[in-house]
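Trainee: Produce the complete structure using the sequences and hints provided.
Line by line, the protein sequences are chains A and B.
Quick note: the first sequence uses my numbering, first residue -4, plus one each step.
Quick note: the second sequence uses my numbering, first residue -4, plus one each step.
If a hint is listed, it holds; no wrong ones were tucked in.
Incomplete in silico selection of chain B near chain A, CB under 7 Å:
hint: 1; residue: 18
hint: 2; residue: 284
hint: 3; residue: 314
If you're looking for bench data, these hints aren't it; they were derived computationally from the structure.
Since the model is a prediction, treat every value here as computed from it, not as a measurement.
Glycine is no exception: its CB is placed at the ideal position from the N, C-alpha and C atoms.
Spelled out, the chains give:
Protein chains: 2
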Amino acid sequence: MKIGILGGGQLGRMLALSAYPLGLSPVIYEATPGTCAADVAPVVIGSFDDGKALADFAKSVDVVTFDWENVPVDSVKPLSAWVRVAPPATALAQSQDRWHEKTLFRKLGIPTPDFAKVDTRADLDQAIARIGLPGILKTRRLGYDGKGQAVMRTAKDVERGYAQLQGQPLIYEQMIAFEREVSLICVRGRRGEIVDYPLAENVHEQGVLAVSCAPYIKPALHSEAAAHVHRLLGRLKYVGVLAVEFFVHKGHLIANEMAPRVHNSGHWTLEGAVTSQFENHIRAVAGLPLGRTDVTGHSVMVNFIGRMPDRKKLLSVDGLHLHDYGKSARTGRKLGHATAVFATPARRNQARAALLALRRNDQ
Amino acid sequence: MKIGILGGGQLGRMLALSAYPLGLSPVIYEATPGTCAADVAPVVIGSFDDGKALADFAKSVDVVTFDWENVPVDSVKPLSAWVRVAPPATALAQSQDRWHEKTLFRKLGIPTPDFAKVDTRADLDQAIARIGLPGILKTRRLGYDGKGQAVMRTAKDVERGYAQLQGQPLIYEQMIAFEREVSLICVRGRRGEIVDYPLAENVHEQGVLAVSCAPYIKPALHSEAAAHVHRLLGRLKYVGVLAVEFFVHKGHLIANEMAPRVHNSGHWTLEGAVTSQFENHIRAVAGLPLGRTDVTGHSVMVNFIGRMPDRKKLLSVDGLHLHDYGKSARTGRKLGHATAVFATPARRNQARAALLALRRNDQ
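Mentor: Spelled out as structure tokens, the structure:
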């Protein structure tokens, strides 16, 4: 069975590496030659706007899935004439636009920061009058890892931020003074069966995920998150991995955003859970039974951004698992991550400190 | 760093899949196009007797290693002029010939079944007179998975067996009425550091490994095995994974054979140990620090031979990890294996029974 993956970054690479042991054949569709998934799987090069090339690709595989949620929805929709597409194009469409996404959350009773659509300067003033400062002005589309965002605390921030982002559809969001950030990775199979991983606790640096630890053990919060995400999965008739990031605020969850794909905050599952998010995504889209999501211990995942620490130093760290994406170094680029799994949270936290020190010194 | 692998079967495939997350680039050298490692790594096609092609391959990589121990030693020896070769050609040479192998074991004080070199019918008669029946007549070279062997219990077996195997260098070995078969997987790094996995208990069917369970918890036997294998590693100035199979007989170990490569009886380490034998072999030959070999629980590994059970049925088994080699079905061919890891030996044994039933019904 051929698994077509639109997008050939590190997520596509790790999806491909998970497909082989299942006896499945991954094939990547990518606009840019030489991306890191090309090291591990055959690649078809084509534009994501080229309907003919995408249709040819779709006809050559048994299912189409994604390593990148910003594939143009108009390019994806026609593909289901040829082949099963999972997750569905509607899920992509919802997640590509922050305003649609938050509107969907609200419809399903999932708490979100207060928000308002901003097309003009007058819209922004009204939004600030209603929601207040501080807030965040964001592009509705194509923002990720803190890009396309302006934090607004003062009138000066408002001027500067609007000048920077105007001219495209925007959204103004209430800024939440959250206690923690957590995420839930859920998987829904073709027959509607759902498994989910325990919550991970995430720390971002300059808008980019730096560290995840799992499980984040708050059973009540897990149930709250799972109830929210299961509603989303059902509404979207979803198949595959869906990740939702939440703020923990006054002991409850506020949804920040969703990603209709495997997610950086689920990378700990590679060694920290019985079945990784990558394998479970492949199982789901291929129509295979889902694998167990129990943890194998207390995990830490640390991202390497811009520069990889020395490989020998990393592999000297007791119990460390390296996931190098095989990319060349570039400022701000995610180049790899490491995970480690321990019997107790205390030992995990020691390892986290050691890994963060290694990351600081070497980056 | 490019890791050149001579041989492109399932071991090469799993070595390649382990190299990518370390940020290393595997390249396969293989005589036959379309072997299963070709799905996951670039392949150079060439004969194992073609010194020029092998030298060109060696010059194009940073280290040469093996998925197959029967690469002609005369082809391997010149390669070290161009590149590091690990394990060393001398280890290949010793393991390619059962008489040299057992003679080395004896020199190092490692108990073996009694044995004698057989070049003529008179040699065989003398060997039987000294060692007795039952015994096994084996080809000294190129035997594996029970091929090239004749069990001799009666005078008639002796006639038939000799007629079948004569005309090539042979060895006659005492047949051990063993209680169990176990194996030790050891890894030696470039600086001489050694890690070893706990013993696995193996069950063969018709000369082919069917099931391994690990850890086989007999601390005294582990120490005995480790002492033997560490002597071998030192003598051979070995780098990489070395597997040695032992019979357990009257509470002690008798060495059966060694394999200078990752080994089927170590496949349980993929999920059953912190670092798999494949990753540790790659770490060793690449000169990287070795990874932890502690177990993650009680593992079972079941081989699928000749035919793969239905994929959906397999993946419905709770906690099962599938490793499908992507080969076409053929009688007697190893097509894949499954592993599962449990908190207790009792649960592991239940799962083993369920897996064996599935294997019987579906094969």
